[in-house]
Structures are given as structure tokens and as C-alpha cells.
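2 protein chains.
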Amino acid sequence: MLRSCAARLRTLGAPPARRPGLVWRLFSSEKVIHKDYGLPNPSWSKDLRLLFDQFMKKCEDGSWKRLPSYRQNPQIFKDFQTRFVDPRFAKEEQMSKAQQFTRSFEEGLGFEYVMFYNKAEKRMVCLFQSGLHLQGVPGYVHGGAIATIIDVTTGTCAIAEGIAMTANLNIDYKKPIPLCSVVVINCQITKTEGRKLFVSCAVQSVDEKTLHTEATALFIKLDPDKRLT
Amino acid sequence: MLRSCAARLRTLGAPPARRPGLVWRLFSSEKVIHKDYGLPNPSWSKDLRLLFDQFMKKCEDGSWKRLPSYRQNPQIFKDFQTRFVDPRFAKEEQMSKAQQFTRSFEEGLGFEYVMFYNKAEKRMVCLFQSGLHLQGVPGYVHGGAIATIIDVTTGTCAIAEGIAMTANLNIDYKKPIPLCSVVVINCQITKTEGRKLFVSCAVQSVDEKTLHTEATALFIKLDPDKRLT
Numbered sequence: 001m002l003r004s005c006a007a008r009l010r011t012l013g014a015p016p017a018r019r020p021g022l023v024w025r026l027f028s029s030e031k032v033i034h035k036d037y038g039l040p041n042p043s044w045s046k047d048l049r050l051l052f053d054q055f056m057k058k059c060e061d062g063s064w065k066r067l068p069s070y071r072q073n074p075q076i077f078k079d080f081q082t083r084f085v086d087p088r089f090a091k092e093e094q095m096s097k098a099q100q101f102t103r104s105f106e107e108g109l110g111f112e113y114v115m116f117y118n119k120a121e122k123r124m125v126c127l128f129q130s131g132l133h134l135q136g137v138p139g140y141v142h143g144g145a146i147a148t149i150i151d152v153t154t155g156t157c158a159i160a161e162g163i164a165m166t167a168n169l170n171i172d173y174k175k176p177i178p179l180c181s182v183v184v185i186n187c188q189i190t191k192t193e194g195r196k197l198f199v200s201c202a203v204q205s206v207d208e209k210t211l212h213t214e215a216t217a218l219f220i221k222l223d224p225d226k227r228l229t
Numbered sequence: 001m002l003r004s005c006a007a008r009l010r011t012l013g014a015p016p017a018r019r020p021g022l023v024w025r026l027f028s029s030e031k032v033i034h035k036d037y038g039l040p041n042p043s044w045s046k047d048l049r050l051l052f053d054q055f056m057k058k059c060e061d062g063s064w065k066r067l068p069s070y071r072q073n074p075q076i077f078k079d080f081q082t083r084f085v086d087p088r089f090a091k092e093e094q095m096s097k098a099q100q101f102t103r104s105f106e107e108g109l110g111f112e113y114v115m116f117y118n119k120a121e122k123r124m125v126c127l128f129q130s131g132l133h134l135q136g137v138p139g140y141v142h143g144g145a146i147a148t149i150i151d152v153t154t155g156t157c158a159i160a161e162g163i164a165m166t167a168n169l170n171i172d173y174k175k176p177i178p179l180c181s182v183v184v185i186n187c188q189i190t191k192t193e194g195r196k197l198f199v200s201c202a203v204q205s206v207d208e209k210t211l212h213t214e215a216t217a218l219f220i221k222l223d224p225d226k227r228l229t
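If you read the protein sequences in the order shown, they are chains U and D. Under full-length UniProt numbering, think of the first position of the first sequence as 1, with each following residue one higher. Under full-length UniProt numbering, think of the first position of the second sequence as 1, with each following residue one higher.
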């Protein structure tokens, strides 16, 4: 829920909230540029790398675009709080330590994923590899982790149409996903009605022979004149 | 999905897979007894502690029961693999390092929760405090994290009737949940049809004035003669 706004705001790439002087920055070990988690790292399996390369090729003619993905940005937090959040809830000091759920794990242990967007088709594809800390029943991905990556992918698909929040997720679990395997998540906007955006979603094995999960999602575009709480 | 079986199997409290000699165990710093995560720790807020105490009082006459919660148990992993999982997927060495999704976070940063069960009413209550690593949109809990704790609570409610897996989750997100706050999740089995178990669920604020989320879940009891994949 609501993660979609965060994702979109993150892509704006606003500068950090505190701007120390140039000298401080030159001698500081703190990275000023945020790490992009939507790029290969040593934990990625051969399957995930092969799919990544295939989609990067599709990006060459401009029909598809890889989306960058960041863990946190204090300035964006502040901007969002100011715009949508009741000041009673804007406990900035504590919240500046918060991390985006799907990017809060150590490399390889949680959600390893990258998303590609096709604007003409209003379609999002997410390549997802589950880590050892996403276990539900022994040997398989937790249903909540599957719901999470579905929320992330459908949400990012929806916000291409405007800042929106999840109103409904309806998920059919058909075949369990083996832990540490790679799956492909396909989403598409199927209908828009005023501020409502309807998105369909399918989670399949890499060879497309197994349909693991199907889902529909409903998102509501946020009203910039209204606060969330 | 499927986490319900794991939860139930964990409560059986089987011994660790490898049984070193008594001398080794006496001099080892490794804890033989698994930590119960369903008990208060320093990260629990006053709200969570107060609710915990209230429910522990309800347990005194035996109508309610607190459920223990563990991170991992290698022996249980082996048992489940043998019973339900195709040997092709039973990569025991790697999988023994896997962790239950909702218990894989550092204390206070992820899912802090405890569940209480009322057998006569077929009802489960989960007291849930979200940590800073569960953020979706800035300042609020990720929709996927909410789906996860709903899956955990409805699943644990369902498996009181038999080992089962999630077939459907249908979630209506009504009001966002502020990060680090405490909510109360109420679940109840509403209907059973053969191997199908229908569970309803509501996520409310501690003062019961705000209905954050509503959901329904469908679970299917597992057939002990059939493997999962």
C-alpha cells in the first residue's frame, strides 16, 4: 500500500536533505550518490542475469526502460511528508532511519529484483529472485513475500499514470515458488475509471511453463489537496 | 502461502537435526533451545506491552492461548521436505540456512508480533508492531508487509483445523498504518467446505477507532499423500 508513491518520488533523484559543504563531502566516507539496487550483484543467479541481459537488449530501441531502485532518500521523505502527511505523524528524526521494505535486506537474502517498463503497452515486467530470508513453508517463498513483490510491481505500473495508493490486492496462489528460484512477474493496466486504476498480474517460472500466482490490483490516484491521515 | 504448515510444524518442537554429544553441547555456546519470538523484548512499545499483558490475563482461564514463534528448525525442515516436497527441490544444505520471513529481521526493525488463539471461537488475534524496515510510502507500513502479517495470522488460524496452504488472499486497504505503530489483527474461520477453510480478517488501531485493512483468505488443507511440486 502506498509504496507506489515512494517509488515514483525516489526516481526524481532529489538531493540529500542535509547539504554539508564541499570539503566535508570530499573527505567523508558517506556515499552521496545513492546505490541503484536494480543492477546485477554477485548474488544474482545465472537465470536472473540472462533475463536481465535479454531485457536490457529490449531497451536499446527505447520501447522498454529499466527502472532504477533506491533504498531511501531523506529529502524525498521530507517532501512526501509535507505534501500528504498530517504533521502529527511526521516524526522526522525517527523516520529518517526507515528503509524501503523490499530493499532493507542484505544482498541476496531478501528481494533481488529489477523492473522494466513498456510505456506504449502500459506494461511492467519484474524479474525476481527470492533470498533465503523470504521462506514461508520450508523450501518455498512466503505468501507474504509474493504479495509484496506483486504490490511493488503492480504499484509501479500504476504510478506511471499518477501518484497512487493500493486499494485492493486479490491474489490466487496456484503453485508454490521454490526458494532462491527466479520468477517473472508480468503486469498490465487493464482499465482506468476516473481516479481508479485496475492492474492485472501473473507470476510465472522462467520457462513460462508454470503459472505460480495470479492477481488483480486496484489503485486510487492520490488527491494532492488531501492528506493521508 | 504455505507458511501455515511451517508454523504448525515449528510448534511441535522437534530436536535439532544434528545431535552432537552431550559434552560438545555442554561446552558449546550455541543455544540448543530455540528462542521464542512471541515474548516481549526491549523494542516493544508501551502499547504492545499493555495489550500483551491484557491477553496474557485472558489466557489464565484457558479460553485463550499464546502461541510461541520460532525462526527456524532444521529438523522440521527435513521432516517437511520428506513429507511434501519433491526430492528435486530438497537442496538441504543450502536450505538449512533459510529463515522464516517474518522472523528474519533484527529485533525491532521488522515484524514484532505475538498471536493468541481462542479454540472455542476459532479465533486468532495478532498484536503487531511494525519496525523501521517495513516502510512503503514514507512514514507508513508497506502494503506487502500488511499482506504478510495478514497471511501469517489467517494461516495460523486455519491450520488449527489441519495443515493447510493459502489459496487466495483478498485485501482491502482502507487507511494507511503509520510506521512503528501497533495494530490489532482479528481473524476468524467463517466457513469450512471439505478441505476448504474460509477466514475473515480485520486490522484495527489499538483504540479500535480506525479500521486500517479488511481481508478474506481461503486455505486448502494439504493432502498428506500428495507432494507440493
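Note that these hints are calculated values from the structure, not bench results. Hints are not guaranteed to be accurate.
What the hints assert, rightly or not - Chain D is nowhere near these chain U residues, computed Cβ spacing over 12 Å in every case:
(1) K35
(2) D36
(3) D53
(4) R71
(5) K97
(6) F101
(7) T102
(8) F105
(9) I149
Stated by the list, open to error - According to the in silico footprint, chain U covers these stretches of chain D (three or more CB under 8 Å from chain U):
(10) 132 to 139
(11) 161 to 169
Backbone N, C-alpha and C define an ideal beta-carbon position, used for all residues, glycine too.
How the hints compare with the structure:
With a cut of 12 Å on Cβ distances, U:K35 stays outside the contact zone with chain D, its closest approach being about 16 Å. Interface exclusion of U:D36 from chain D stands, the closest Cβ pair being 19 Å apart, more than 12 Å. Once the 12 Å rule is applied to beta carbons, U:D53 is consistent with being away from chain D; the minimum gap is 25 Å. With a closest Cβ-Cβ approach of about 10 Å to chain D, U:R71 is found to fall inside the 12 Å limit, against its non-interface label.
Distance check on U:K97: its Cβ comes as close as 5 Å (rounded) to a Cβ of chain D, failing to clear the 12 Å threshold; non-interface status is violated. Annotated as non-interface, U:F101 brings its C-beta within 12 Å of a C-beta of chain D; the closest such distance is 4 Å. For U:T102, the non-interface assignment is contradicted: its Cβ lies about 7 Å from the closest Cβ of chain D, within the 12 Å cut-off. The claim that U:F105 is not at the interface with chain D is violated, since a C-beta of that chain comes within 12 Å of its own (minimum 8 Å).
Residue placement check: U:I149 does not keep its beta carbon more than 12 Å from all beta carbons of chain D (closest about 7 Å). Counting residues of the region 132 to 139 of chain D whose CB lies closer than 8 Å to any CB of chain U gives 8, which reaches the minimum of 3, so the coverage claim holds. Beta-carbon proximity to chain U at under 8 Å applies to 5 residues in the region 161 to 169 of chain D; the threshold of 3 is reached and the given coverage holds.
Checked against the numbered hints listed earlier, the structure breaks hints 4, 5, 6, 7, 8 and 9; every other hint is satisfied.
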